[in-house]
Structure formats: C-alpha cells, structure tokens
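Peer 1: These are the residues of each chain, in order.
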Amino acid sequence: MTIDQISPGLVLIVSAFALPFLRGWLRAALILLGPLVALWLVWQIPDGAMLTTKFMGLDLVPVKGDRLSRLFGTIFCIMAFAGGLFALRQARTIELSAAMFYAGSAVGVAFAGDLITVFVFWELMALGSTVVIWSSDTDAARKAGLRYVMIHLLGGVLLMAGIVDFVAAKNTVAFGIGPIQEVLTVNRPGTWLILAGFLINAGAPPLSAWLPDAYPESSPTGMVFLSAFTTKTAVYVLWRGFQGFDVLIWIGLFMVFYGIIYALLENDMRRILAYSIVNQVGFMVCGIGIGTDMALNGAAAHAFTHIIYKALLLMSAGSVLYMTGKRKCTDLGGLFQSMPLTCICGIIGALAISSFPLTSGFISKSMISQAAADQHLALVWFLLAAASAGVFLHAGIKFPWFVFFQKDSGMRPPDPPWNMRLAMILFAALCIGLGVWPEPLYQILPLQSVTYKPYTGYHVVEMLQLLLFSGLAFFVLLPFMKRTLTISLDVDWFWRRFGARLAREFAIRSNRARGLTADRMQNRLEKALETVFHFHGPKGILARTWDTGTTTLVIVGLLAAYLVIYFV
Amino acid sequence: MADKHDKPGDLHWLVRPQTIRRLWVVFAVVLALTVVAGLFVDLPGHFVWDGEFWFFAAYGFATCAAMVFGAKALGIFLKRPDNYYDD
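If you read the protein sequences in the order shown, they are chains A and B. When we follow my numbering, the leftmost residue of the first sequence carries the number 6, and every step to the right adds one. When we follow my numbering, the leftmost residue of the second sequence carries the number -16, and every step to the right adds one.
The shape of chain B in the complex, shown without the other chains (with noise of 0.2 angstroms):
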C-alpha cells in the first residue's frame, strides 16, 4: 500500500477528491439518519424544546458556531505572536 502513493503527484487514496466527496455523502446521510432517529425514541424532553427530534443537532450545530466565533472576537484581543513571552 505504501508505495502506491509514495510518487510525487499520486494522492494517498483517503485525500484523493473523489474519497473526498464520497465522505461527504456518507456524512450527510449519517447526520439524516440521527435526526430521522429522533423521531422514533422516547425523548424525556426535561425542558423546553429539548423534547424534540430535532433539538440537539439544531442545538449541536448553532452552540458549536456560536463557540467558533464567540472564540474568534476574543481572539481579536487575546491572540499574540508566539514568540511573546520570548525576549
């Protein structure tokens, strides 16, 4: 396996672009099916919403967003070259 790809030019099967695109696929039918899944548990739902098939990946997504660019403002102010503490 390991000299098929040792060629300059020739990709390692996984980042070759057609793998690529077929993740991407898997991904999106995986990600269907956990949604269409809650629809057919008994989801307790303790609080508002959460009783729904579809709250923790509107939930999952939307936190997720919100922590990247909630971390990329403060990055605005925090983020220093890393040879800072350096002299």
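Same shape as in the complex, but just chain A (with noise of 0.2 angstroms):
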C-alpha cells in the first residue's frame, strides 16, 4: 500500500479512537497535528481512482483524487485543525474525539469514487455530529440531538434507497463520471431519492430545521465544528452529482431568503448564525444549479470562504456564550468594552459573510452573480443582489451590532483564553488574506477554464452600493427590529408539536382500550379463580374432610355402579 491509497479521513478517524488514551501535551499535539497530517495526505492523492476493491460485485473506489477532492479535503482538514485550536482546552474529550471522528468522514466523502463509500462516511458523519451535539450535556441538547440524528437517519434511508435504484438501472456505484440526472436520467426515482437525501443534509426546504433547531444546542466550541462539514460536503456531492440541475437555482434562492427572513426575526445570536448557514448554502446550491463553469467555480470557492467565515463567526459568538453563559440578544450588548480582540475577529467574519471588498466573500460570492449575469438570468440575478445587501443586513451587521454594541448589557466579560484567541486570530487573518490575495484559492479550484477578476471598478461599486445602504435600512429601521424574547415556528414545529398531540391523542385512545381490555380480562380471572375457590376453598365441596362413614358410603355406591356396568 502506497500513500496515496490511504483516505486522509482515516487519519482523523484513527486519532478520535486515540484521543481519550492520551494527556497533556500529547493528546494537544494529536489534536493539531492530525488535521496537518491528514491535509499532507490529501496533497499526496494524484488525479484518478487510487483504490479499488469488489464489494457484492460492485467495483468500489475508496479513495480517488480530483482537483475538487482536493479543494474540500484541503478546507475540512484547515478546519479541523482550526476548530482543533479553538476548543483544545475548553471541549469534552468526548466532543473533541467525536468532532475529529466527524471532520474525518467528511474528508472520507470528499475523496470517494463511488456512491457506497460516500453513503458508509455520509452515515459516519451523522453518528460524529451527533455526539458532538450530545456533548453539551444539557437536557436541550439531548433532545435536539435526538430530532437530528432522526432527520439525518432519514436521509441516509433516502440515499440508500436511490442508490439501490442507481444500481438497479446502471448495475455501477461510480460517482462523479458525470451528473447524476444525465447518468440516471431525471425519470428515475433513483434521481430524485438520492438528491433528497443529498438536500436534507445541505439544509434545503422542506427539512431545513432541523439546523437552526440542533446546531445552537451544542456547546460553545461543538457548533464552530458542526458549521463546517455536513452542510459543505452536501455542498460536494450536489456539485459533482447534479451541476446543472436546474431546480437547485430556485431551491438555493428559497434557502437564501428563508436564512434572511428568519434571522431577522431571531433572537439567540447562535440561531441568527445557524439561520446564515442556511443563506449561505443557498447561494453555493443556486451557483451549482446554474451549472457554467464561472458558477460552479464561485460555489466551490464559496464553500472554502465560507467554512472559514462562519466558523470565525461562531467562534466569535462561542467566546460570547463561553465568557457569559448567555445567547440571546436581548440579554447581551456592550460587550466590544471588555471583549475587544472577539469583537473585532467577528466583525471581519460578519464583514467576509456580507461579501465586502477585502475580505474572502467578496472574491467568492460574486463569481455566482457573475454566473447568472452572463447566463442572462435577470430574475436570478436580482434575487441574488437583493439577496446579498440581505446577507449584510441579517449577519453582517445584526449580529455584531446586537451581541456587541446596541444597549450597555453591565457585563465586562473578558476576552476567552489563549488557545481561542488564537485560533480566531488565524480564521480572522485567513479572511482578510484570501480577499486581498485571491490567487492561492483560485489556483486551487476544480475548473482552470475560467478565469475571474474580482477586483473591477463595476463590481466593487456595486457591492459597495448594496452592502452600505442596506446598513442605512439597518439602522434607519432599527426600532422595527426590535429582540422579543420570542422563536420562529418552522417545519420542526411537525414533529415537535403536531406529531406529539397525535401521539398524545393516540396514546389516550389507547390507553382507554387498553383500560377496558384489562377491567375485562381482571373480571373474568375474578369469576375463574371464584369458581375454583367454590369447589376446592376451605369449605369447597372437593375440600372438605369427610368423616369414614360417609367414605365408606361413597366407595360402596361407586364399586355398586362397577358392578351394574360390568354385567350391562
């Protein structure tokens, strides 16, 4: 076996089973040298499939390499190393052995060549994220743990499913030798389960709460993890399974708009931050449905900016919650007084989510509206613009401003430990590097056929126009924004309220039947048991002491009887 045979995944895998032996500064150097580890591995994979082997007759490809495996492998391992650095001191054991255990099978789903290997990591996925979400250890984390794991389960059910179509139609798991649509042909169910089970897990309708309902129940450190990968890799399997596909446009547009609306009337400055994962995603799932060259390179550069982003954003909001024990917006502000350092790598995060100049979202997100002005998209286009000043408007500044400034909350909280700072620092310095510096990231994109400029007078202006006066609407809006101490119904409300009355409905008919079933059978065994005690109870015919008179009796007319019946 050669090193490019061996699935970078596995090295993080195998550190989260070595994790909890370890202590000290060995266990601190296996959480920051794994992820390093694993993304020289993932420079060692060449082009083509590495690895091959038979599985029910079925040719499967473990570990096959393309630029595009790559470019994931290489921000999933930044990012484990990051969110590594973030929670070395402050996380579980647990939490951080399931996190590695997570990252790893999202690199395993980056460089599989068949749909076998990325359903065994896509299910690996599920089981890592949802310890990492047990292992806040509260009783809210338990439950939304449990609503999650229930969604992703679901999910995988639903690609299995498509994949035995797959297998069915085509008697091959290849993956990636072309869109599945144009493999399968959009006839097949096979297509549409294995999208839906690809769907659920970017957090597109109509499942997508189960994101901002579980995410902002982990830990301070768990969600910086959580952000990154199950949404990205789904981000990876649409690109590379269904570019082109038109529907994704419209799906990414709603996820783009729900993430806005939602936000907006969100208190709990994580759930603001799990509703902008949402939005996010939906501009990489519109660019893939776009499906040119120019757009699927912007979606694919979006997914490594944003990963960054966000996470610096959440762990800005996890120092918040870490330092304070508070989340909601109405109970924080004033915190940029004695948390300068968090205060201000979250307001890089917020201004590379919201695209400004200078900053990696900028030289990601408009590749995407580049895309649908050239393919002469005008609805999209204009949704996509409105959409961007929107970005600002929700994240960008709606959640420094109401965590950080707006009222004086009393709290002088200071800024978290080193190891948290640090790895802040670093995301902070990755989002400002790659929007000054572009050319690294695009060097590095799945297709060399399109060459961007993101720095011309016109797009520059434009951003400028849009992200500046949607601050105007802000703050001239700003007491219809008002925090109420207030949540948002959404399609969890389903299985949170409508399926437990009918289950509560369900259980008292139920337990009605059952009731009369038992007074029923009680009476019954009553009745049997008064029999036998009738006949053999202590004054019961069978059990009464004869005196031997009587006996004798009784023995005589019995052999009498004997007798008549022998001669008959």
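Honestly, I wouldn't trust all of these hints.
For lysine-lysine, the following BS3-like pairs were computed, each having C-alpha atoms within a straight-line distance of at most 30 angstroms [unchecked claim]: (1) B:Lys62 with A:Lys412; (2) A:Lys331 with B:Lys55; (3) A:Lys487 with A:Lys412; (4) A:Lys458 with A:Lys333; (5) A:Lys333 with B:Lys55; (6) B:Lys55 with A:Lys487; (7) A:Lys148 with A:Lys333; (8) A:Lys333 with B:Lys62; (9) B:Lys62 with A:Lys331; (10) A:Lys412 with B:Lys55; (11) A:Lys487 with A:Lys333; (12) A:Lys532 with A:Lys544; (13) A:Lys148 with A:Lys331; (14) A:Lys175 with A:Lys59; (15) A:Lys487 with B:Lys62; (16) A:Lys175 with A:Lys331; (17) A:Lys148 with B:Lys62; (18) A:Lys412 with A:Lys331.
Here are the computed distance ranges between Cβ atoms for each label pair [as the list claims (entries may be wrong)]: (19) B:Val24 with A:Thr98: 51 to 61 angstroms; (20) A:Asp142 with B:Tyr67: 22 to 32 angstroms; (21) A:Thr98 with B:Ala11: 49 to 59 angstroms; (22) B:Asp25 with A:Asp142: 50 to 60 angstroms; (23) B:Tyr67 with A:Met6: 46 to 56 angstroms; (24) B:Phe23 with A:Gly249: 11 to 21 angstroms; (25) A:Gly438 with B:Val(-2): 26 to 36 angstroms.
Away from chain A, derived, C-beta distances all over 10 angstroms, residues of chain B [stated by the list, open to error]: (26) Arg(-1); (27) Pro0; (28) Gln1; (29) Thr2; (30) Arg5; (31) Val8.
If you are wondering where the hints come from, they were derived from the structure by calculation, not from laboratory data. The C-beta atom is built at its ideal place from N, Cα and C for all residues, glycine as well.
Can you join these two chains into the complex? Each is in its own frame, and there are hints to help.
Peer 2: See below:
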C-alpha cells in the first residue's frame, strides 16, 4: 500500500479513537497534528482512482482524487485544525473525539469515488455530529440531538434507496463520472431519492429546520465544528452529482431568503448564525444549479471561504457564550468594551460573510452573481443582488450590533483564553488574506477554464452601494427590529408539536382501550378464581374432610355402579 | 483606557452621543461617495436599470426595507414565546 492509497480522513478517524487515551501535551499534539497530517495526505493524492476493491459484485473506489476532492479535503482539514485549536482546552474529550471522527468522515466523502463509500462516510458523519451535539450535556441538547439524528437517518435511508435504484439501472455505483440526472435520467426515482438525501444534509427545504434546531444547542466549541462539515459535504456531492440541475437554482434562492427572514426574526445569536448557514449554502446550491464553469467555480470557492468566515463568526459567538453563558441578544450588548479581540474578529467574519471588498466572501460570492449575469438569468441575478444586501442586514450587522454594541448589558467579561483567541486570529487573518490575495485559492479551484477578476470598478462599486445602503436601512429601521423573547415557528413544529399531539391523542385512546380490556380480563380471571375457590376452597365441596362412614358409603356406591356397568 | 470609563455615568468614547453624531456624518459622506463613484466606473448593465450609477444604492436600501417589513409581517404569524417547546 502506498501513501496515496490512504484516505486522508482515516488519519482523523484513527486520531479520534486514540484521543481519549492521551493526556497533556500528547493530547494537544494529536488534536493539532492529526489534521495537519491529513492535510499533507490530501495533497499526496493525484488525479484518478487510487484504491479499488469489490463489494457484492460492485466496483468500489474508496480513494479517488481530483481537483474538487483536494479543494474540499484541504478546507475540511484546515477547519479541523482551527476548530481543534479553538476547543483544545475547553471542550470535553468526547466532543473533540467526535469532532475529529466527524471531520475525518467528511474528508472521506470528499475522496469517495463511488456511492457506497459516500453513503458509509455520510452515515459516519451523522453519528459523529450527533455525539458532538450531545457532548454539550444539557437536556435541550439531548432532545435536539435525537431530533437531529432522526432527520439525518431519514436522509441516509433516502440516499440508500436512491443508490439501490442507481445500481438496478446501471449496475454500477461509480460517482462523479457525470451529473447523476444525466447518468440516470430525471425519470428514474433514484435521481430524486439521491437528490433528496443530499439536500436534507444541505439544509434545503422542506426539512431545513433541523439545522437551527440542533446546532445552537451544542457547546460553545461544538457549533464551530458543526457549521463546517455536514452542509458543505452536501454542497460537495451536489456539485459532483447534480451540476446544472435547474431546480437547484430555485431551491438555492428559497434557502437564501428563508435564512434571511428567519434570522431577522431571531433573538438567539447562535440561531441567527445557524439560519445564515442555510442562507449561505443557498448561494452555493444556486450556483450549482446555474451550472456554468463560472458558477461552479464560484460555488466551490464560496464553500471554501464560507467554512472559514462562518467558523470565525461562531468562534466569536462561542467565546461570548463561553465567557458570559448567555445566547440571547436581549441579554447581550456592549461587550466590545471588555472583549475587543472577540468583537473585532466577529466583525471581520461579519464583513466576510457580507462579501465586503478585501474580504474572502467578496472574491467567491461575486462569481455566482457574475455567472447569473453571463447566462442572462435576470430574475436570478436581481434576487441574488437583493440577497447580498440581505446577508449584510441579517448577519453582517445584526450579529455584531446586538452582541457587541446596542445597549450596555453591564457585563464586562474579558476575551477568552489564549487558544480560543489564537484560533480566531488565524481565521480572521485568512478571511482578509484570501480577500486581498485570492490567487492561491483561484489556483486550486476545480475548473481552470475560467478566469475571474473580482477587483473591477464595477464589482467594487456594486457591492459597496448594496452593502452600505443595506447598512443605512438597518439603522433607519432599527426601531422595527427590536429584539423580542421569541422563537419563530418552522417546519420542525410538525414533529415537535403536531406529531407529539397526535401521539398523545392516540395514547389517550389506546390507553382507554387497554384499560377496558384489562378490566374485562380481570373480571374473567376473578370469576374463574371464584369458581375454583367454590369447589376447592376451605369450604368447597371438593376440599371438605369427610367422616369414615360417608367415605365408605361413597365407595360402596361406586363399587355397586361398577358392578352394574360390568354386567350390563 | 479601560479605567477611564469604569466610573458610573462615564460612557466609553465610542458610545458618547457626540461620537455617534460624528459617525453618522462620516457614514453619510461615505454613502454619498459610493453613489458618486458610480458615475466614474463602467457599469455594464446586464438588464434594466442596473447600469445606472445610483441603482445598487437604491436597490440595496429598498430590498432591505422590504425584507425587514416582510419578516415583521411573517413574524405576526410565526413568532411564539421562546419557551414554546419547553413544556
């Protein structure tokens, strides 16, 4: 076995199992070096199938490399490293183990050359992420984690059903030869089942509620990991499997506006950021739907930059939660005074998510709108422009404003411990670095047929006008955005309330039926016991003690009867 | 720096009313500059209006206002107390 046959994800998965047995500097070294070794391995895998095997007559390709695999593998490993640094001394070991396992599985998906391998790592990701949620060890997290794993197991079932149809139609599980809708044709149920399985993980409608329901219940460090892998592996498989599939444009646009509207209504800072994950993944899904080389490169680049700035935003929010124990905007405010570094890093993440010029979001997201303009998709382009302004509104200003400014909450917590600060500084530097110098990222993008220049007068003026006037709208309309102690109903109402009520209703009826049956059974049993008691009880006819005379008489009678029967 | 605003009633310089007034002035100037900049760059204009120098400013403000009020209208139906699922 050569080095390019090792799935880089396995290094992280093995590290995850070794971690609980290590202490002190060995533990820290494993958390930080594991992802770096995996990153090195990512770049040892050349193009093509590196490892093949047979399973039930199907050709499996557990390790297959190309530009897209290496791009996603790279960012997953960088994320695992920075997340590990952020969580190094604060997270429980079980959380760190689960997070490494989860990251390793995501890398596994990125290098999977067939659908069975995708499926296996897909399910491992669901397991790892659920344990990350449960690690926060609160009652709310236990319940949310259970709801989360149910939805993801459903996604896995849909995916497996789709794969079965794929095998039935084509007798192969090869993944990434061409878009699935072209290989299978849109008429096959398999196409739609696989798409549904992928979209559930992307946070697409109708089941997007799992994301803002579960992620914010994780620990301050846990959500940093959660934000990166599940939705972005979904983007990865959609990119490979469904590029140019028109319906994705509209699904993506729905996600974009769903994220904005729900985040505007939200009071919990981490739930605001959770909705904005759906919003950002919407841009990528839309780009994959447009399907031109420019759009696809834009979607891939946006996934890369998004992982960094979203993790940075969640590190900033996580630091606030870790230091204050508070999540609600109504309880926060004025923290810029005592947490300057957390505030500045949060603002850098907020500017990057808003695609401000000189930040990483600017050099990636504008490619997707450019692709819409190039294809003359007027409605899509206008909606994407409105959405860009909306991102600044719901995340770019709302998050830093309500957490670090607005009113003075009176709290004066200091910045978090050194490792958390260092992780934030690293990702803030990457947000700005990629924005100022995008070439290294452009060079590793999957499609080299397109070139894109982000810094033209047009792009810069377009973005600055959109964003700054969006900012003006925010401050002018601030009285209409007063935070309230509320949540907003979402599709999860159906399984948290409607389902529960339905179950309770059935429980009442079935309880009554059970009660009636039990009563009837008891009556019968009592009657049977009475009969037995009547004959065999202390005064029962069969339990009496007879005197010798009576006994003799009965025996004489029996013998007489016997004689009569014998002679007849 | 930190000890200067620890006394009660003594606001951090960034949140003093005069600083906020100054920030608004700076913000207004920057807003005006971005619109003026629209006159000097070549806006390709793929569709209607998007080649006008003021377009993105007006569009950004208008769509954000629409989203805020749209969200507020939806909120009437969707908002619940945040302990809604707790029982």
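Peer 1: If a hint holds in the structure, say so; if it does not, say that too.
Peer 2: Hint by hint, here is what the structure shows:
1. Proximity of lysine 62 of chain B to lysine 412 of chain A is assessed by CA-CA distance (about 23 angstroms); at most 30 angstroms being required, the pair is judged to hold.
2. At most 30 angstroms may separate the alpha-carbon atoms for a hinted pair to count; lysine 331 of chain A and lysine 55 of chain B meet this at roughly 25 angstroms.
3. For the suggested pair lysine 487 of chain A and lysine 412 of chain A, the alpha carbons sit about 12 angstroms apart, so the restraint of at most 30 angstroms is met.
4. As the CA atoms of lysine 458 of chain A and lysine 333 of chain A are separated by approximately 40 angstroms, the hinted pair breaks the 30 angstroms bound.
5. Proximity of lysine 333 of chain A to lysine 55 of chain B is assessed by CA-CA distance (about 19 angstroms); at most 30 angstroms being required, the pair is judged to hold.
6. Distance restraint check for lysine 55 of chain B and lysine 487 of chain A: the Cα-Cα separation of roughly 10 angstroms lies within the 30 angstroms cut-off, and the hinted pair is therefore satisfied.
7. In summary, the hint linking lysine 148 of chain A to lysine 333 of chain A is supported, as the alpha carbons are separated by about 20 angstroms, within the 30 angstroms threshold.
8. Between lysine 333 of chain A and lysine 62 of chain B, the direct Cα distance comes to roughly 15 angstroms. Compliance with the 30 angstroms bound is thereby established for this hinted pair.
9. The hinted pair formed by lysine 62 of chain B and lysine 331 of chain A meets the criterion: a straight-line CA distance of about 21 angstroms does not exceed 30 angstroms.
10. The straight-line distance between the Cα atoms of lysine 412 of chain A and lysine 55 of chain B is roughly 22 angstroms, inside the 30 angstroms bound, and the hint therefore holds.
11. For the given pair, lysine 487 of chain A sits about 13 angstroms from lysine 333 of chain A by alpha-carbon distance, which is consistent with the 30 angstroms threshold.
12. Distance check on the hinted pair: lysine 532 of chain A and lysine 544 of chain A sit about 17 angstroms apart at the alpha-carbon level, within 30 angstroms; holds.
13. Between lysine 148 of chain A and lysine 331 of chain A the CA atoms are separated by roughly 20 angstroms; this keeps the pair inside 30 angstroms, and the hint holds.
14. As the CA atoms of lysine 175 of chain A and lysine 59 of chain A are separated by approximately 16 angstroms, the hinted pair is consistent with the 30 angstroms bound.
15. About 13 angstroms separates the Cα atoms of lysine 487 of chain A and lysine 62 of chain B, which keeps this hinted pair within 30 angstroms; it holds.
16. Note on lysine 175 of chain A and lysine 331 of chain A: the hinted pairing is violated, with a Cα-Cα distance of about 53 angstroms set against a maximum of 30 angstroms.
17. Distance hint between lysine 148 of chain A and lysine 62 of chain B is fulfilled; the C-alpha atoms sit about 22 angstroms from each other, no more than 30 angstroms.
18. Taking the CA atoms of lysine 412 of chain A and lysine 331 of chain A, the gap is about 15 angstroms. The hint holds against a cut of 30 angstroms.
19. The beta-carbon spacing between valine 24 of chain B and threonine 98 of chain A, approximately 54 angstroms, falls within the hinted interval of 51 to 61 angstroms.
20. At about 23 angstroms, the beta-carbon gap between aspartate 142 of chain A and tyrosine 67 of chain B stays in the expected band of 22 to 32 angstroms.
21. Checked against the given bound of 49 to 59 angstroms, the beta carbons of threonine 98 of chain A and alanine 11 of chain B, roughly 53 angstroms apart, stay inside it.
22. Distance hint check for aspartate 25 of chain B and aspartate 142 of chain A: the Cβ-Cβ separation is about 57 angstroms, which falls inside the suggested range of 50 to 60 angstroms.
23. Between tyrosine 67 of chain B and methionine 6 of chain A the beta carbons are some 55 angstroms apart, a value that agrees with the proposed interval 46 to 56 angstroms.
24. Remark: the range hint 11 to 21 angstroms for phenylalanine 23 of chain B to glycine 249 of chain A is contradicted by a beta-carbon distance near 37 angstroms.
25. Checked against the hint of 26 to 36 angstroms, the pair glycine 438 of chain A and valine -2 of chain B passes, with Cβ atoms roughly 31 angstroms apart.
26. Listed as a non-interface residue, arginine -1 of chain B keeps its Cβ farther than 10 angstroms from every Cβ of chain A; the least gap is roughly 12 angstroms.
27. Every beta carbon of chain A lies more than 10 angstroms from that of proline 0 of chain B, the smallest distance being close to 14 angstroms; the non-interface claim holds.
28. Against chain A, the non-interface label of glutamine 1 of chain B holds: every CB pair exceeds 10 angstroms, the least being about 17 angstroms.
29. Every beta carbon of chain A lies more than 10 angstroms from that of threonine 2 of chain B, the smallest distance being close to 12 angstroms; the non-interface claim holds.
30. Listed as a non-interface residue, arginine 5 of chain B keeps its Cβ farther than 10 angstroms from every Cβ of chain A; the least gap is roughly 15 angstroms.
31. No beta-carbon of chain A comes within 10 angstroms of the beta-carbon of valine 8 of chain B; the shortest separation is about 13 angstroms.
Going down the numbered hints, you'll see the structure goes against 4, 16, 24, while the others check out.
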